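Enquirer: Sequence:
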Amino acid sequence: MAKRIRSCKCQTGFLMLFLLFLIASLGVAMAALGTLWHTQAQREKEAELLFIGDQYRQAIERYYRLTPGTAKQYPPSFDVLLLDPRFPTTVRHLRRLYRDPITGSEQWGLEKTADGGISGVHSLSDKEPRKKSGFSAVYADFEGKTKYADWIFKAMPLEDAANAGARAR
300 MAKRIRSCKC QTGFLMLFLL FLIASLGVAM AALGTLWHTQ AQREKEAELL
350 FIGDQYRQAI ERYYRLTPGT AKQYPPSFDV LLLDPRFPTT VRHLRRLYRD
400 PITGSEQWGL EKTADGGISG VHSLSDKEPR KKSGFSAVYA DFEGKTKYAD
450 WIFKAMPLED AANAGARAR
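For this note's numbering, count along the sequence shown from 1 and bump the result up by 299.
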């Protein structure tokens, strides 16, 4: 007859303990990875906000610069940036209207002039930005801002733009 091998009671439960430790370790690793992904996604949204804000700023400046005559004016709405009615040919200062990458909305905060023209845009988000320094000379005033709504992409009149370009050199 074959002898039965008895398992020792002292060896039971180690596999269960190992699996519990493995699952806990995987949970901690996934939490760290989730935080890393969130940080990277926020950085990408900030870079997109800087690009889109700059597109709006340049479009407003171009509209202002190409105003016929000597009395320059800012655009009354975003629609005229898409198709400027002041010219007999098609003039587009902006290819399309962009969504705010931080809020996901098509709504932007507007900086208006005394006559109601749009001189700049900003996000409506009160979230705190990750980027606090290292901005280009045009956006040097973004340094140390505590919320995205403080990042105002404002068109600069021609003489101010020339001075900013000289400072950047």
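Some clues are possibly wrong.
In silico lysine to any residue, SDA-like type, Cα no more than 25 Å apart, as pairs [to be verified]:
no., residue 1, residue 2
1, 411, 375
2, 371, 356
3, 426, 413
4, 431, 413
5, 453, 379
6, 426, 436
7, 426, 350
8, 431, 388
9, 444, 398
10, 453, 357
11, 430, 391
12, 426, 414
13, 426, 384
14, 446, 391
15, 453, 335
16, 430, 415
17, 411, 341
18, 426, 389
19, 431, 384
20, 371, 419
21, 453, 341
22, 411, 426
23, 453, 323
24, 431, 375
25, 431, 400
26, 431, 354
27, 430, 368
28, 453, 373
29, 430, 414
30, 426, 379
Hint data in this document are derived by calculation from the structure and do not stem from the laboratory.
In this text the structure is predicted, and so the values were computed from the model without any measurement.
Enquirer: Now tell me, hint by hint, if it's right for this structure.
Expert: Do the hints match the structure? See the list:
Taking the CA atoms of residue 411 and residue 375, the gap is near 9 Å; set against the 25 Å cutoff, the hint holds. Between residue 371 and residue 356, the direct Cα distance comes to roughly 16 Å. Compliance with the 25 Å bound is thereby established for this hinted pair. Our distance criterion of 25 Å between C-alpha atoms is broken by residue 426 and residue 413, whose separation comes to about 29 Å. Between residue 431 and residue 413, the direct Cα distance comes to roughly 31 Å. Violation of the 25 Å bound is thereby established for this hinted pair.
A hinted pair counts as satisfied when its Cα atoms are at most 25 Å apart, and residue 453 with residue 379 qualifies at roughly 17 Å. The hinted pair formed by residue 426 and residue 436 meets the criterion: a straight-line CA distance of about 23 Å does not exceed 25 Å. Note on residue 426 and residue 350: the hinted pairing holds, with a Cα-Cα distance of about 18 Å set against a maximum of 25 Å. A threshold of 25 Å between alpha carbons decides the hint, and for residue 431 with residue 388 the separation of about 42 Å lies outside it, so the pair is violated.
The suggested pairing of residue 444 with residue 398 holds, with an alpha-carbon distance near 22 Å, which does not exceed 25 Å. Taking the CA atoms of residue 453 and residue 357, the gap is about 9 Å. The hint holds against a cut of 25 Å. Of the pairs offered as hints, the one joining residue 430 and residue 391 is violated, with about 32 Å between alpha carbons and a cut-off of 25 Å exceeded. Restraint check for residue 426 and residue 414: the C-alpha separation of about 31 Å exceeds 25 Å, so the hint is violated.
Note on residue 426 and residue 384: the hinted pairing is violated, with a Cα-Cα distance of about 37 Å set against a maximum of 25 Å. For the hint linking residue 446 to residue 391, the alpha-carbon distance of about 31 Å lies beyond 25 Å, and the restraint is violated. Among the hinted pairs, residue 453 with residue 335 is inconsistent with the structure: their alpha-carbon atoms are about 32 Å apart, more than 25 Å. With a CA separation close to 32 Å, the supplied pair residue 430 and residue 415 exceeds the 25 Å bound.
Note on residue 411 and residue 341: the hinted pairing is violated, with a Cα-Cα distance of about 28 Å set against a maximum of 25 Å. Using a Cα cut-off of 25 Å, the hinted pair residue 426 and residue 389 is violated, with the two alpha carbons roughly 39 Å apart. With a C-alpha separation of about 39 Å, the suggested pairing of residue 431 with residue 384 is violated against the 25 Å cut-off. Our distance criterion of 25 Å between C-alpha atoms is met by residue 371 and residue 419, whose separation comes to about 15 Å.
Annotation: proposed proximity of residue 453 to residue 341 holds, straight-line Cα distance about 23 Å (limit 25 Å). Annotation: proposed proximity of residue 411 to residue 426 holds, straight-line Cα distance about 23 Å (limit 25 Å). This hinted pair does not check out: residue 453 and residue 323 have alpha carbons roughly 50 Å apart, beyond 25 Å. A C-alpha spacing of about 32 Å is found between residue 431 and residue 375, which places the hinted pair above 25 Å, so the restraint is violated.
Between residue 431 and residue 400 the CA atoms are separated by roughly 18 Å; this keeps the pair inside 25 Å, and the hint holds. Note on residue 431 and residue 354: the hinted pairing holds, with a Cα-Cα distance of about 21 Å set against a maximum of 25 Å. Between the alpha carbons of residue 430 and residue 368 the distance comes to roughly 41 Å, so the proposed pair goes past 25 Å and is violated. Our distance criterion of 25 Å between C-alpha atoms is met by residue 453 and residue 373, whose separation comes to about 11 Å.
For the given pair, residue 430 sits about 34 Å from residue 414 by alpha-carbon distance, which is inconsistent with the 25 Å threshold. For the proposed pair residue 426 and residue 379, the alpha carbon gap of about 30 Å is over 25 Å, so the pair is violated.
The structure does not agree with the numbered hints 3, 4, 8, 11, 12, 13, 14, 15, 16, 17, 18, 19, 23, 24, 27, 29 and 30 stated previously, though it agrees with the rest.
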